[in-house]
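*Asks:* Given next are the chains, with one letter for each unit.
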Amino acid sequence: MDVMARLNSGTMYLICGGIIAFVAAVCVIFALRAWRAGKAIGMDTSVMLKVIRSSASFSVLPAVAILLGVIALSGALGVPWPWLRLSVIGALHYETQVAHGAAEQVGIELTGDAMTARAFSTIALLMSACIMWGMVLNLFFNKKYSSTLLRRGEKKGPSFGDTAMTAMFIGLVSAYIGSYIGGLVSGNARFDLAGDPVPLCCALAAAAGMMLFTRLSALKGLKWLEDFSLALAMLAGMAAAILFRVLFPAAGNGAAAAAESAALMMGGAML
Amino acid sequence: MSMKDPYESYTKKTHVIGRIATLVTLCLLLGAPFVIGAYLGAMPDLGAAARGFISVGLVWTVSSVVEFLVYLPMLGSGGGYLAMITGNLINMKIPCAVHSRDLAGVKAGTKENEIVSTLSIAVSSLVTVLVLAAGVLLLQPLLPVLESRVLRPAFDQVVPALFGAMAFRYYRGHLKLALWPLLLMSALFILVPSLRSQTSIMILPSGALAILLAWFGWKKERAAG
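Chains as they are written, first to last, in my numbering: chain A, 1 to 271; chain B, 1 to 225.
No wet-lab data here; the hints were simulated from the structure.
Computed from a prediction, not measured in an experiment: that's the story for all the values here.
Any given hint might turn out to be false.
Calculated pairs, BS3-like style, for lysine-lysine (alpha carbon to alpha carbon, straight line, at most 27 Å) [as the list claims (entries may be wrong)]:
no.: 1; chain 1: A; residue 1: 220; chain 2: A; residue 2: 50
no.: 2; chain 1: A; residue 1: 144; chain 2: B; residue 2: 176
no.: 3; chain 1: B; residue 1: 13; chain 2: A; residue 2: 144
no.: 4; chain 1: A; residue 1: 223; chain 2: A; residue 2: 50
no.: 5; chain 1: B; residue 1: 107; chain 2: A; residue 2: 50
no.: 6; chain 1: A; residue 1: 39; chain 2: A; residue 2: 223
no.: 7; chain 1: A; residue 1: 143; chain 2: B; residue 2: 13
no.: 8; chain 1: A; residue 1: 143; chain 2: B; residue 2: 107
no.: 9; chain 1: B; residue 1: 176; chain 2: A; residue 2: 50
no.: 10; chain 1: B; residue 1: 107; chain 2: A; residue 2: 39
no.: 11; chain 1: A; residue 1: 143; chain 2: B; residue 2: 12
no.: 12; chain 1: A; residue 1: 39; chain 2: B; residue 2: 12
no.: 13; chain 1: B; residue 1: 176; chain 2: B; residue 2: 219
no.: 14; chain 1: B; residue 1: 12; chain 2: A; residue 2: 144
Just need the whole structure built from these sequences, with the hints factored in.
*Replies:* Here it is in structure tokens:
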């Protein structure tokens, strides 16, 4: 059996699936405990149900995008290992970058044809080791750090903590939106206006979608929409990305995109 | 007879379970390459792994420390354990926890936020595990749909869609606060196009500026009574 066949074998599914099952069990335990603790401190169960519904509906679309990451890496690493990496601890942008860096170190290209058993086990070790520090820090410092934060949060009188968290998140969102604006204005060189407009258009469409669904959910009888507003707004943004690519196939991509658009139209017709 | 505070006992156990789960996951993830190596008949090349760690891993080590310090306050202790174990923080767990906090109307750093955050990250992680498991199971029939040229642009833009939607939600009530970080980030990404590959690092100056502005605003509000 060649290396790729063994990387896609039942044994590999068993090893990786076993670890994923363990992590899923941990999630179930945390969810059940949080639910019970919420009830014990007098939280409204309808609020907790709202959180569950919203989190579940929101997570589907990013999870499908993560699945594409599994597919992208499966050509070189087989299906089970990327499945494990992206289900547990991994991040979409991290895995691809580290896998390529690791392949460079073992002196191969990250392709199925070049993969050897030793290269794979080395790449797998590196992918696990490079991103373990969040967990290591949690082991030693989570308790102390979160206890300090909780004490501050529970202090009587005005606290800056909640405002700081909102500000930090605004900073996070601004970094990404700023990168889409920068990507459009300075795509390949400063002020060349040849960048890809799709991320910004998609973000704007999602923002418009969020505005619409937020307004609708304020109407009588449509309150339920609030739980799904984020997922629906994301769908609106993603639909805008498809529409934009169909209407302006060459935007931001030059001639290559024009060629792609022909195929896109054909694909659309086939779907 | 002393009555034990149920929340205190919940928090204590959360740390015990969180630490055990983290330790076991760490052992499983670091052990798996060796188990797979034994199965394939070739153990990892530790020299190459060490060289690789120096060239790629150190950046991620710094990034992990920053992520821990910045994101744990948003995630809470239980959510923190889960999010670090299940990953995909920026593109999934953080927005999910923040959105849930908003929906539930709870404040950061409170007991209620701890519960909401843990619940939302656990559910989000389970949905991810289920979607990926279903996707892997149905990979062959799903492949043409997921990789179709029509749908591909949509899946490539999940993160812009997510941050666009979140931008409306958060900019709406804090326009003044959002303006400067957005202007600064846009200017930086326009003037230094190569920074786009470092967006996750740029969260730090952007977040720091937003927190600084929020701090001044908060002080001013307090002084005004």
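*Asks:* A separate judgement is required for each hint: does it hold in the structure or not?
*Replies:* Evaluation of the provided hints:
1. Between residue 220/A and residue 50/A the alpha-carbon distance is near 17 Å, which keeps this suggested pair within the 27 Å criterion.
2. Annotation: proposed proximity of residue 144/A to residue 176/B is violated, straight-line Cα distance about 34 Å (limit 27 Å).
3. Distance check on the hinted pair: residue 13/B and residue 144/A sit about 14 Å apart at the alpha-carbon level, within 27 Å; holds.
4. Our distance criterion of 27 Å between C-alpha atoms is met by residue 223/A and residue 50/A, whose separation comes to about 11 Å.
5. A hinted pair counts as satisfied when its Cα atoms are at most 27 Å apart, and residue 107/B with residue 50/A qualifies at roughly 16 Å.
6. Only pairs whose Cα atoms come within 27 Å are accepted, and residue 39/A paired with residue 223/A is accepted, the gap being roughly 23 Å.
7. About 11 Å separates the Cα atoms of residue 143/A and residue 13/B, which keeps this hinted pair within 27 Å; it holds.
8. The straight-line distance between the Cα atoms of residue 143/A and residue 107/B is roughly 20 Å, inside the 27 Å bound, and the hint therefore holds.
9. For the proposed pair residue 176/B and residue 50/A, the alpha carbon gap of about 30 Å is over 27 Å, so the pair is violated.
10. For the hint linking residue 107/B to residue 39/A, the alpha-carbon distance of about 18 Å falls within 27 Å, and the restraint holds.
11. Pair hint residue 143/A plus residue 12/B holds up; C-alpha atoms about 9 Å apart against a cutoff of 27 Å.
12. With a C-alpha separation of about 17 Å, the suggested pair residue 39/A and residue 12/B falls inside the 27 Å cut-off, and the hint holds.
13. A threshold of 27 Å between alpha carbons decides the hint, and for residue 176/B with residue 219/B the separation of about 15 Å falls inside it, so the pair holds.
14. For a cut-off of 27 Å, the pair hint linking residue 12/B to residue 144/A stands: about 12 Å separates their Cα positions.
Against the hints set out earlier in the document, violations occur for numbers 2 and 9.
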